[in-house]
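**Student:** Chains as they are written, first to last, in numbering that gives the first Met the number 0: chain A, 0 to 347; chain B, 0 to 347; chain C, 0 to 347; chain D, 0 to 347.
In case anyone wonders, no lab produced these hints; they're calculated from the structure. Accuracy of the hints is not assured; some may be wrong.
Cut-off 16 Å, straight-line C-alpha distance, at most; resulting in silico cross-link-like pairs (EDC-like, lysine to aspartate or glutamate) [stated by the list, open to error]:
(1) Lys2/C x Asp106/C
(2) Lys2/D x Asp43/D
(3) Lys187/C x Asp68/A
(4) Lys2/C x Asp43/C
(5) Lys2/A x Asp104/A
(6) Lys187/D x Asp189/B
(7) Lys187/B x Asp68/D
(8) Lys187/A x Asp62/C
(9) Lys2/B x Asp43/B
(10) Lys2/B x Asp68/B
There are 4 protein chains.
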Amino acid sequence: MIKVGIVGATGYTGVELLRLLVRHPGVQVAVITSRAEAGMAVADMYPSLRGFLDLTFTEPDVDALSACDIVFFATPHGVAQNLVPALMQRNVRIIDISADFRLRDTDLWEQWYGQTHGCPELVAEAVYGLPETNREQIRSARLVACPGCYPTAAQLALLPLVESNLVDNSNLIINAASGATGAGRQAKVDNLLTEISDSFKAYAANGHRHLPEIEQGLRERQPEGAEPAQVTFVPHLLPIIRGIQATVYARALDVDALPDLQALYAQRYAQEPFVDVLPAGEHPQTRTVKGSNTCRIAIFRPQQRDTLVVMSVIDNLTKGASGQAVQNMNIMCGFDETAGLDLVPILP
Amino acid sequence: MIKVGIVGATGYTGVELLRLLVRHPGVQVAVITSRAEAGMAVADMYPSLRGFLDLTFTEPDVDALSACDIVFFATPHGVAQNLVPALMQRNVRIIDISADFRLRDTDLWEQWYGQTHGCPELVAEAVYGLPETNREQIRSARLVACPGCYPTAAQLALLPLVESNLVDNSNLIINAASGATGAGRQAKVDNLLTEISDSFKAYAANGHRHLPEIEQGLRERQPEGAEPAQVTFVPHLLPIIRGIQATVYARALDVDALPDLQALYAQRYAQEPFVDVLPAGEHPQTRTVKGSNTCRIAIFRPQQRDTLVVMSVIDNLTKGASGQAVQNMNIMCGFDETAGLDLVPILP
Amino acid sequence: MIKVGIVGATGYTGVELLRLLVRHPGVQVAVITSRAEAGMAVADMYPSLRGFLDLTFTEPDVDALSACDIVFFATPHGVAQNLVPALMQRNVRIIDISADFRLRDTDLWEQWYGQTHGCPELVAEAVYGLPETNREQIRSARLVACPGCYPTAAQLALLPLVESNLVDNSNLIINAASGATGAGRQAKVDNLLTEISDSFKAYAANGHRHLPEIEQGLRERQPEGAEPAQVTFVPHLLPIIRGIQATVYARALDVDALPDLQALYAQRYAQEPFVDVLPAGEHPQTRTVKGSNTCRIAIFRPQQRDTLVVMSVIDNLTKGASGQAVQNMNIMCGFDETAGLDLVPILP
Amino acid sequence: MIKVGIVGATGYTGVELLRLLVRHPGVQVAVITSRAEAGMAVADMYPSLRGFLDLTFTEPDVDALSACDIVFFATPHGVAQNLVPALMQRNVRIIDISADFRLRDTDLWEQWYGQTHGCPELVAEAVYGLPETNREQIRSARLVACPGCYPTAAQLALLPLVESNLVDNSNLIINAASGATGAGRQAKVDNLLTEISDSFKAYAANGHRHLPEIEQGLRERQPEGAEPAQVTFVPHLLPIIRGIQATVYARALDVDALPDLQALYAQRYAQEPFVDVLPAGEHPQTRTVKGSNTCRIAIFRPQQRDTLVVMSVIDNLTKGASGQAVQNMNIMCGFDETAGLDLVPILP
C-alpha cells in the first residue's frame with residue numbers, strides 16, 4: 000500500500016482521480032488539499048463519493064504531502080511548478096496532470112501560457128507521461144508530466160503514421176471535439192448548459208495551448224531526417240460531459256508505397272493495454288470509452304485517394320487526464336499497469 | 000465460481016448486466032442468448048465490452064442454459080414465463096428482470112399486460128426481489144422477480160412512512176421521471192433523440208403497468224389494519240440516458256404525532272448497503288448515482304405543513320434493473336451482497 | 000408605432016423580449032440599457048440578433064427612458080422598484096417582468112425576497128399581468144407585474160378547478176420542472192452543462208419564491224367561502240434550455256358531482272388565444288410550445304379515482320416571461336393581442 | 000396568393016416547411032400528401048401546428064397536386080423522380096428538397112444512390128437551388144433541386160476561395176458535424192436518444208452521398224483552368240437536434256499572394272440576405288442560426304501558416320433544407336427573397 004496525496008482535488012480531474020483511486024488495490028489516499036475548500040468533507044462536495052471516502056480537504060502543506068509516496072497535481076497550470084521542488088527534495092514522486100512540465104522548451108511554455116515559468120530547472124528532468132511512447136522512462140521518473148487531453152487523442156491517432164514517415168508532415172490537420180468537462184469546473188457564462196447544449200462551435204482556431212505540445216510529441220517520434228511535424232489544430236466544443244474525438248487528416252507521401260494501414264495500426268498498439276484498434280470500417284464513438292481509460296482508433300483511406308483519415312476517441316477525464324495519471328503511477332510503482340483501471344465503459 | 004446464463008442480452012438491461020458480471024469475482028458468464036443475434040459476437044454489438052468478454056450470442060437452448068447455476072432473464076415480459084419451468088425442473092435458479100412474476104395476482108397481471116400468463120403455477124413461489132424488504136426470502140429463493148425501476152424508487156421512498164402508518168394511504172402521489180433507457184432499445188420514433196431531447200413530457204397518466212406493482216409492494220409492508228395504499232402515479236420522460244427520480248407526496252395523518260422524519264429514514268436504512276439517506280435539506284440528483292447500485296433519498300416537510308415530500312433517485316439500469324439483479328444473485332449465492340457492485344458513480 | 004425601452008436586456012428574458020419586439024409591427028425599440036455592458040452593440044452579445052437590431056446598450060437613464068411609451072424591466076428583482084416611480088411620474092407605462100410588484104402583501108414580499116421593498120406605495124396599483132384572469136384591468140394599467148414562469152404554468156393548470164371550487168384546496172400539489180434558462184444567465188457552477196446535463200434534481204423543496212405568488216393568484220379567483228388554496232410546490236431542474244411542465248394533483252371534493260372535466264377546461268379557455276386544451280388523453284410536451292407564447296393543457300382522472308391530474312406546458316421564456324410581457328403590452332396599447340406573437344413553435 | 004402542395008410532409012423537412020409556409024404572406028398551403036398517414040390531421044402528428052393549419056394528409060394524387068402553382072417534394076430520394084414528370088406536364092413548378100435532381104451526371108447518381116434514376120431526361124433541366132450561385136437561373140426554373148444540408152454549408156464556406164482559385168483544390172478537407180434531424184424521422188436504433196446523446200462519432204468516412212454533390216458544386220464555380228476540386232469529406236453526428244457546422248481546411252497556393260481574406264468573404268456575400276460573415280476572430284455557433292435561414296461564416300489563418308480554416312454554420316432543416324426551398328420559391332415567384340424567412344434565431 001502506497002500513500003498518495005492530491006493537490007487541488009476540487010475540479011473534475013480531481014474527482015475523477017478519486018473515483019479511480021478509492022478502488023485501487025495498492026493505494027491509500029492520505030491527503031487531499033484545496034485552499035478554497037479546506038475543512039469541507041470531500042464527499043460533501045462530490046456526493047458520488049459518499050461511502051467511498053472519508054477525507055476532508057486540507058490546506059496545501061508540504062509536511063503533510065511529504066508523508067506521501069506520490070503526489071498528484073490536479074491544479075490549473077502555474078500551481079505545480081511552485082510546490083514541486085520542495086516535495087521532490089523530500090523524495091516525493093510527482094505526477095502532474097497540469098500543463099506545467101509538458102513542454103521542454105521553457106520559452107515556448109512562457110509564450111503560450113503567458114507567464115514566467117516558476118521552476119525551469121526541473122523541466123528537463125520531467126518525463127512526458129504518455130506510456131505508449133515513454134513507458135521505460137516513466138518507470139523510474141521522479142516527475143511525470145501527464146499529457147493534455149487533446150494531445151493524447153491526437154498523438155495516439157498520428158503516431159503510427161509519423162513514426163513510419165508515411166505522410167506529409169508539413170500539413171497535419173487535427174480536427175478535434177471535446178466534451179464540456181474539458182473546460183473544467185469554473186463558473187463561466189460560456190459553459191452554462193443554456194449556452195452550449197443543443198449547439199456546437201469551434202474555438203481557439205487561431206491557436207490553442209495544446210498545439211505546441213502535439214507538435215513536440217510528434218517530432219520526438221519522427222525518424223531522423225523527416226520533415227518536422229506541423230499541425231493545424233482546431234478544437235470544437237461538444238454539448239456532452241465527457242469524451243474527445245480527434246479526426247485527423249494526413250496526406251500520404253507516396254500512395255503506392257503505403258503499407259496495409261489497418262495492420263500498421265494493429266501492430267503498433269498490439270501490446271498496449273489501453274489502445275484498441277477497431278476492425279476496418281468501424282467508426283469509434285466517444286460513448287464506447289465513457290468512464291474508461293481506453294483509446295479506440297480507426298483508420299480510413301476514403302475513395303482510395305491520398306488523404307488518410309484517422310479517428311481516435313478517449314474519455315478526456317480518464318485517458319485524457321486522471322486515468323492516464325493512474326496508469327503512470329502504476330508504471331512508476333511497479334503495479335500491474337491496469338490496476339484500478341479495469342473499467343468497463345458505461346454504455347448506454 | 001458459479002456459471003450464469005443470460006437470456007435476451009441485446010437490450011440495455013442485458014448490456015448493463017454484462018458490465019457488472021464481467022468484473023464480478025465469483026461469476027463466470029457462460030451463455031448469452033439472443034434469437035435475433037445468434038452468431039454475433041457480443042462485443043460487436045456492444046463495443047464497450049471489447050476486451051472484457053469473448054462470447055457469442057446463441058439461440059436460447061434449455062440444455063445449454065441448464066448447465067448454469069443461475070439464469071437471468073433480461074427479456075420483454077412474456078418470455079421468461081415460457082422458459083422458466085423447464086429450467087427450474089433442472090434445478091437452475093432464476094432471476095427474472097422482466098415483469099412476468101412481479102404481481103402475485105395473476106388476474107391483475109393479465110389485465111395490465113394484456114395477455115394470458117403462461118406459467119401461473121410458479122407465481123406464488125416467486126420472491127419479489129427487493130432486498131430492502133425481502134432479503135431472507137431471497138436467500139433461498141428458486142425464482143426471484145426483480146422489481147421494476149419505478150417501483151424500486153417509489154417503494155424505497157415510501158416504505159418508512161407506510162411501514163409506520165404515518166400518512167394517509169388513500170392518497171399517495173408518486174410523480175416520477177425516468178431517463179430514456181427506461182423505454183428500452185427499441186426502434187421507435189417516439190424515442191429518437193430528435194423527438195425527446197430538449198423536451199419533457201408525462202406519459203401513461205391514465206395508468207402505467209408499474210402502478211399495481213407499487214401498490215402491491217406497499218400493501219405487503221403496511222401494519223395490519225392500515226388503510227390499503229392507493230397510489231396516483233404519473234411517469235415522465237427525461238431527456239437523459241440513465242436515472243430515475245421519484246418525488247413522492249403524502250399527507251401526514253397527524254402532524255403532531257410525527258416522529259423525527261430524518262431519523263426515521265436514517266434508521267430504516269442504516270444497515271442497507273445500497274440506500275443512502277442524505278443529510279437534512281440536501282436534494283438528491285440522478286447524476287450522483289449514475290452507473291451505481293445506490294438509491295439516495297431525502298425527506299422534506301415544506302412550510303411545516305402536513306404534506307410530506309420524499310425524493311429518491313436511482314440509476315434505472317442498475318438499482319432499477321441489472322444491479323439489483325446482481326444484488327439478488329449475491330444474496331442467493333452467499334456472496335458478499337456488494338460483490339461486483341462496489342461501483343463509484345461516474346460524476347461528472 | 001410606439002417607442003419602447005428595455006432595462007436590463009443582457010439576460011435571457013431580455014434577449015427573448017428583443018427576439019419578439021424586433022418583429023412586432025407596432026413597436027420601435029428605442030432604448031436598451033445595461034449598466035455592465037453600456038457601449039456594447041446588442042448584436043455583439045447576442046449574435047442571433049445580427050441584422051435585426053442596430054442598437055447599443057446604454058446606461059440606465061430616466062430621461063432617455065422617459066421618451067418611451069412603454070418600458071420593460073427584464074432585471075433581477077430589486078431593480079425595478081427603484082426606477083419605476085420616476086418613470087411613472089413622467090407618464091411612462093411599465094411592464095415589469097421581474098418579481099418586484101407581483102405580491103400584494105409587501106410583508107410577504109420582504110419575507111420571501113429577503114430585502115426591504117423600495118416602492119411599497121405602488122404595489123396596490125400594480126396589475127398582475129395574467130391576461131387569462133386580468134385582461135380588463137391590464138388594458139388601462141400603468142404598471143403591470145408579469146407573473147413568474149412557474150406561477151403562469153401552475154395557475155393556468157389549476158384555474159378551472161379552483162374557480163369552480165371542485166377540489167380540496169387544502170392540499171394542492173404542484174410538481175413542476177423547468178429548463179435551465181429559468182435560472183438565468185449567471186456564471187454559477189450549479190448551472191454548468193457539466194453539472195446539470197444528463198441529470199435531474201428537485202430544488203428548493205422547503206420553499207420557493209413562486210409559492211406565495213401561486214397561492215395569491217389562486218385565492219383571488221376562488222369563489223367566496225371556498226377554503227383558501229394551500230399549495231405544496233416542488234420545482235425540479237430539467238437538462239433542457241426552455242420549457243416548463245407543471246403536473247398538478249388535486250383531490251375532488253365530490254367525485255359524483257364532477258362535471259365533464261374536458262369540457263370544463265375547453266370552455267374556460269375557449270376564447271384565450273394562447274391557451275390550448277389538448278384532446279382527451281393527449282399528454283403535452285414542452286417541445287410543442289418551444290419559442291411560442293402558447294400554454295398547452297391536459298386533464299386526467301387516473302383510474303377514475305378521486306385524484307385529478309392536470310398538466311400544463313409553456314416556454315418559460317415566452318409565455319413564462321417575455322412573450323407574456325408582449326401580450327400585456329398588446330392589451331395595454333390596443334394592438335391585436337397576438338401581434339408579434341404569431342409564433343409557430345420550433346419542432347423538432 | 001399562390002397555391003402550394005407538399006408531397007411527403009411527415010418528415011422533419013416537411014414539418015419545417017409547414018412552419019415557414021403557414022406564416023408566408025403570399026402562399027396558401029392547399030395539399031399535403033402522405034401515403035402512410037392519409038386521413039390524419041397534420042396537427043395531430045405535429046401538435047406544434049395546432050391552430051396554424053387545418054389540413055389533413057391525403058394520398059398523393061396528380062390531379063389534386065396539379066391545382067397547385069408549386070409543389071415541394073420533402074420525400075426520401077427516389078420518390079420525386081417518379082411524380083415530377085406528370086406534374087411538370089401540367090405546368091406545375093417543382094421544388095425538390097430530396098436528392099433526385101442534384102447531380103448532373105446520372106451515372107454518378109445511380110452509383111451513389113444505388114438505384115436506376117427514374118427520370119434522367121429532366122436532370123439537365125433541373126436548376127441547382129443554391130441562390131448564392133444560381134439566382135438568375137432559379138428565377139425561371141421549372142424544376143429546382145435544392146442542395147443537401149452538408150453541401151450548402153460546405154459550398155458557402157469554400158466558394159470565395161475556390162472562385163478566386165486561391166487554394167490547392169486537390170486537397171480540400173471538409174470536416175462537418177450535423178444534428179440528428181439530418182438523419183430524418185426514421186425509427187432506427189442508431190438514432191435513439193439513448194444511443195447518440197452524450198456521445199459523438201464520425202460516420203460514412205469512406206464515402207457519403209453528399210461528396211459528389213459538393214465536388215460538382217465547387218467545380219462549376221472554379222475559374223477555367225483551375226485544378227478540379229477534390230474533397231475529403233467526413234461527417235460527424237452531433238447530439239443536438241438542429242444545426243450543421245462545416246470546418247473546412249484548404250492550403251493556400253501562394254501565401255504571399257493571398258488577399259485580405261476577411262474582405263474577400265465580406266465582399267463575396269455583401270448582397271446575400273442569408274449569409275453573414277462574422278467579424279474577424281469570431282467563431283460561429285450553430286445556436287445563433289437555430290430556426291433561421293442564415294448561414295454564418297468565419298475565416299481563419301492560424302499561426303499565419305499556409306493552411307486556411309473556414310467555418311460555416313446553418314440550421315440543417317432551414318437553410319439546409321426547407322428554408323432554402325422557400326427562398327427558392329420566393330425567387331421563382333417574384334416574392335421578396337426574404338418573405339416568410341425573416342426569422343430571428345431562437346437563442347438561447
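**Student:** Please verify whether lysine 2/C and aspartate 43/C have alpha carbons no more than 16 Å apart.
**Tutor:** Roughly 23 Å between the alpha carbons, so the hint for lysine 2/C and aspartate 43/C is violated.
**Student:** Verify the proposed pairing of lysine 2/C with aspartate 106/C, using a straight-line Cα cut of 16 Å.
**Tutor:** violated, 35 Å
**Student:** Assess, step by step, whether the Cα of lysine 2/A is no farther than 16 Å from the Cα of aspartate 104/A, and give holds or violated.
**Tutor:** Violated, at roughly 32 Å.
**Student:** Are lysine 187/B and aspartate 68/D close enough, with their CA atoms no more than 16 Å apart?
**Tutor:** violated, 36 Å
**Student:** Hint check: lysine 2/B vs aspartate 68/B, CA-CA at most 16 Å. Holds or violated?
**Tutor:** Holds. Lysine 2/B to aspartate 68/B sits at ~5 Å (cutoff 16 Å).
**Student:** For lysine 2/D and aspartate 43/D, compute the direct alpha-carbon distance and say whether it is at most 16 Å.
**Tutor:** Judged against 16 Å, a Cα distance of about 23 Å means the pair is violated.
**Student:** Holds or violated: are the alpha carbons of lysine 187/D and aspartate 189/B at most 16 Å from each other?
**Tutor:** holds, 11 Å
**Student:** Between lysine 187/C and aspartate 68/A, is the straight-line Cα distance small enough, at 16 Å or below?
**Tutor:** violated, 36 Å
**Student:** Are the Cα positions of lysine 187/A and aspartate 62/C separated by 16 Å at most?
**Tutor:** Given pair lysine 187/A, aspartate 62/C is violated - Cα atoms ~34 Å apart, limit 16 Å.
**Student:** Check the hint pairing lysine 2/B with aspartate 43/B against an upper bound of 16 Å on the C-alpha distance.
**Tutor:** Measuring from Cα to Cα gives roughly 23 Å; hence the hint is violated.
The structure fails hints 1, 2, 3, 4, 5, 7, 8, 9 (numbered hints given earlier, in ascending order).
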